[in-house]
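Number of protein chains: 2
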Amino acid sequence: MKNTIKVLAEPGKQELFITREFDAERELVFRAFTEPELLSIWFLPKEQKMRIGYMDCKAGGAYRFIMPGQDGNEVGISGVMHEVLAPERIIRTFEYEGLPERGHVALQKILFAALPGEKTMVTIHYICESVGYRDGLVNSGMEAHSVVVYNNLDELLLKGL
Amino acid sequence: MKNTIKVLAEPGKQELFITREFDAERELVFRAFTEPELLSIWFLPKEQKMRIGYMDCKAGGAYRFIMPGQDGNEVGISGVMHEVLAPERIIRTFEYEGLPERGHVALQKILFAALPGEKTMVTIHYICESVGYRDGLVNSGMEAHSVVVYNNLDELLLKGL
Numbered sequence: 015m016k017n018t019i020k021v022l023a024e025p026g027k028q029e030l031f032i033t034r035e036f037d038a039e040r041e042l043v044f045r046a047f048t049e050p051e052l053l054s055i056w057f058l059p060k061e062q063k064m065r066i067g068y069m070d071c072k073a074g075g076a077y078r079f080i081m082p083g084q085d086g087n088e089v090g091i092s093g094v095m096h097e098v099l100a101p102e103r104i105i106r107t108f109e110y111e112g113l114p115e116r117g118h119v120a121l122q123k124i125l126f127a128a129l130p131g132e133k134t135m136v137t138i139h140y141i142c143e144s145v146g147y148r149d150g151l152v153n154s155g156m157e158a159h160s161v162v163v164y165n166n167l168d169e170l171l172l173k174g175l
Numbered sequence: 015m016k017n018t019i020k021v022l023a024e025p026g027k028q029e030l031f032i033t034r035e036f037d038a039e040r041e042l043v044f045r046a047f048t049e050p051e052l053l054s055i056w057f058l059p060k061e062q063k064m065r066i067g068y069m070d071c072k073a074g075g076a077y078r079f080i081m082p083g084q085d086g087n088e089v090g091i092s093g094v095m096h097e098v099l100a101p102e103r104i105i106r107t108f109e110y111e112g113l114p115e116r117g118h119v120a121l122q123k124i125l126f127a128a129l130p131g132e133k134t135m136v137t138i139h140y141i142c143e144s145v146g147y148r149d150g151l152v153n154s155g156m157e158a159h160s161v162v163v164y165n166n167l168d169e170l171l172l173k174g175l
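Respectively, the protein sequence lines represent chains A and B.
Position in the first sequence (first residue = 1) + 14 = our numbering.
Position in the second sequence (first residue = 1) + 14 = our numbering.
Take the hints with a grain of salt, since some may be wrong.
What the hints assert, rightly or not - Pairwise CB distance ranges (calculated):
{"no.": "1", "chain 1": "B", "residue 1": "His-159", "chain 2": "A", "residue 2": "Val-152", "range": "34 to 42 Å"}
{"no.": "2", "chain 1": "A", "residue 1": "Glu-88", "chain 2": "B", "residue 2": "Val-152", "range": "24 to 32 Å"}
{"no.": "3", "chain 1": "B", "residue 1": "Glu-39", "chain 2": "A", "residue 2": "Glu-111", "range": "44 to 52 Å"}
{"no.": "4", "chain 1": "A", "residue 1": "Leu-113", "chain 2": "B", "residue 2": "Lys-16", "range": "43 to 51 Å"}
{"no.": "5", "chain 1": "B", "residue 1": "Thr-18", "chain 2": "A", "residue 2": "Ala-128", "range": "44 to 52 Å"}
{"no.": "6", "chain 1": "B", "residue 1": "Glu-102", "chain 2": "A", "residue 2": "Gly-83", "range": "45 to 53 Å"}
{"no.": "7", "chain 1": "A", "residue 1": "Lys-20", "chain 2": "B", "residue 2": "Glu-41", "range": "44 to 52 Å"}
{"no.": "8", "chain 1": "A", "residue 1": "Val-152", "chain 2": "B", "residue 2": "Glu-88", "range": "37 to 45 Å"}
{"no.": "9", "chain 1": "A", "residue 1": "Glu-88", "chain 2": "B", "residue 2": "Thr-18", "range": "23 to 31 Å"}
{"no.": "10", "chain 1": "A", "residue 1": "Glu-41", "chain 2": "B", "residue 2": "Arg-116", "range": "41 to 49 Å"}
To be verified - Here are the simulated DSS-like cross-link-like pairs (lysine-lysine), alpha carbons at most 30 Å apart as the crow flies:
{"no.": "11", "chain 1": "A", "residue 1": "Lys-16", "chain 2": "A", "residue 2": "Lys-133"}
{"no.": "12", "chain 1": "B", "residue 1": "Lys-27", "chain 2": "A", "residue 2": "Lys-20"}
{"no.": "13", "chain 1": "B", "residue 1": "Lys-27", "chain 2": "A", "residue 2": "Lys-27"}
{"no.": "14", "chain 1": "A", "residue 1": "Lys-63", "chain 2": "A", "residue 2": "Lys-27"}
{"no.": "15", "chain 1": "B", "residue 1": "Lys-27", "chain 2": "B", "residue 2": "Lys-63"}
{"no.": "16", "chain 1": "B", "residue 1": "Lys-27", "chain 2": "B", "residue 2": "Lys-173"}
{"no.": "17", "chain 1": "A", "residue 1": "Lys-27", "chain 2": "A", "residue 2": "Lys-173"}
{"no.": "18", "chain 1": "A", "residue 1": "Lys-173", "chain 2": "A", "residue 2": "Lys-60"}
{"no.": "19", "chain 1": "B", "residue 1": "Lys-72", "chain 2": "B", "residue 2": "Lys-60"}
{"no.": "20", "chain 1": "A", "residue 1": "Lys-27", "chain 2": "B", "residue 2": "Lys-20"}
{"no.": "21", "chain 1": "A", "residue 1": "Lys-72", "chain 2": "B", "residue 2": "Lys-72"}
{"no.": "22", "chain 1": "A", "residue 1": "Lys-133", "chain 2": "A", "residue 2": "Lys-63"}
None of these hints come from the bench; they were simulated from the model.
Ideal Cβ positions, reconstructed from N, Cα and C, are used throughout, including at glycine.
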């Protein structure tokens with residue numbers, strides 16, 4: 015049975031939590047989130063191809079992921095790393111470059127909790143500049159996307175990376 | 015008559031707005047926030063001395079300010095720059111290193127709006143990981159501190175920097 019995603023987005027709040035358990039030890043899951051060549055395998059649905067523009071996964075580093083957009087053009091997600099504390103957490107900024115204007119940014123905390131039995135709970139905590147921005151994230155299809163790509167990640171982890 | 019600070023912190027929200035008008039044109043005010051040698055003149059009350067650990071005021075850059083702490087030791091504020099769009103806005107992370115544990119971070123948007131008559135409205139928008147963190151900022155004496163140091167900044171701007 016597959017592990018299920020939980021999305022918590024309380025009405026009127028500026029935050030969003032996406033939680034998912036993985037049947038793999040924390041060090042492996044952390045690597046899958048932080049090593050570009052691993053991330054690019056699972057981060058998009060299989061029919062799409064992601065390019066890593068750059069990804070320097072340490073405090074003060076930056077990242078940019080380039081993906082197929084809805085209009086046939088490419089679109090980026092980018093940000094800077096405030097903290098990368100292996101294998102426990104990543105704190106970084108997040109900007110979806112496909113919005114009508116730039117400058118709308120979220121803070122993203124990605125927490126990796128070790129569970130008994132060599133399992134790992136991953137929580138992505140989005141902290142948003144407004145409730146409207148948060149609602150936009152929720153309505154962007156993020157949950158359905160996460161279901162698909164976390165299944166990709168399950169497959170990758172099952173192979174031991 | 016001095017311009018007054020407005021602090022907006024709605025109960026139960028994760029955000030905080032600190033707004034202040036300055037009698038100087040936007041380019042000057044922006045410089046006072048982004049050039050280390052200017053920032054270190056006004057950012058603390060005059061009886062305290064701030065050191066700029068580092069401050070690379072561009073996207074992907076980082077900063078660390080070192081100040082006298084309450085216990086006689088020094089304490090830092092640090093973060094990374096997501097965007098620096100002169101003279102309009104700065105988007106960066108913010109961590110007060112004096113908290114009992116690391117990893118509690120806010121997103122900070124600093125907006126510089128040009129007003130008629132060569133005046134500038136500065137808004138600092140803190141976007142916090144929790145209501146408790148936000149309330150901690152409000153209760154840290156931030157408003158009283160800002161009153162004092164923005165008066166320092168008035169003096170600096172009056173001299174033309």
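Legend entry - Earlier hints that do not hold, by number: 2, 3, 4, 6, 9, 10, 14, 15, 16, 17
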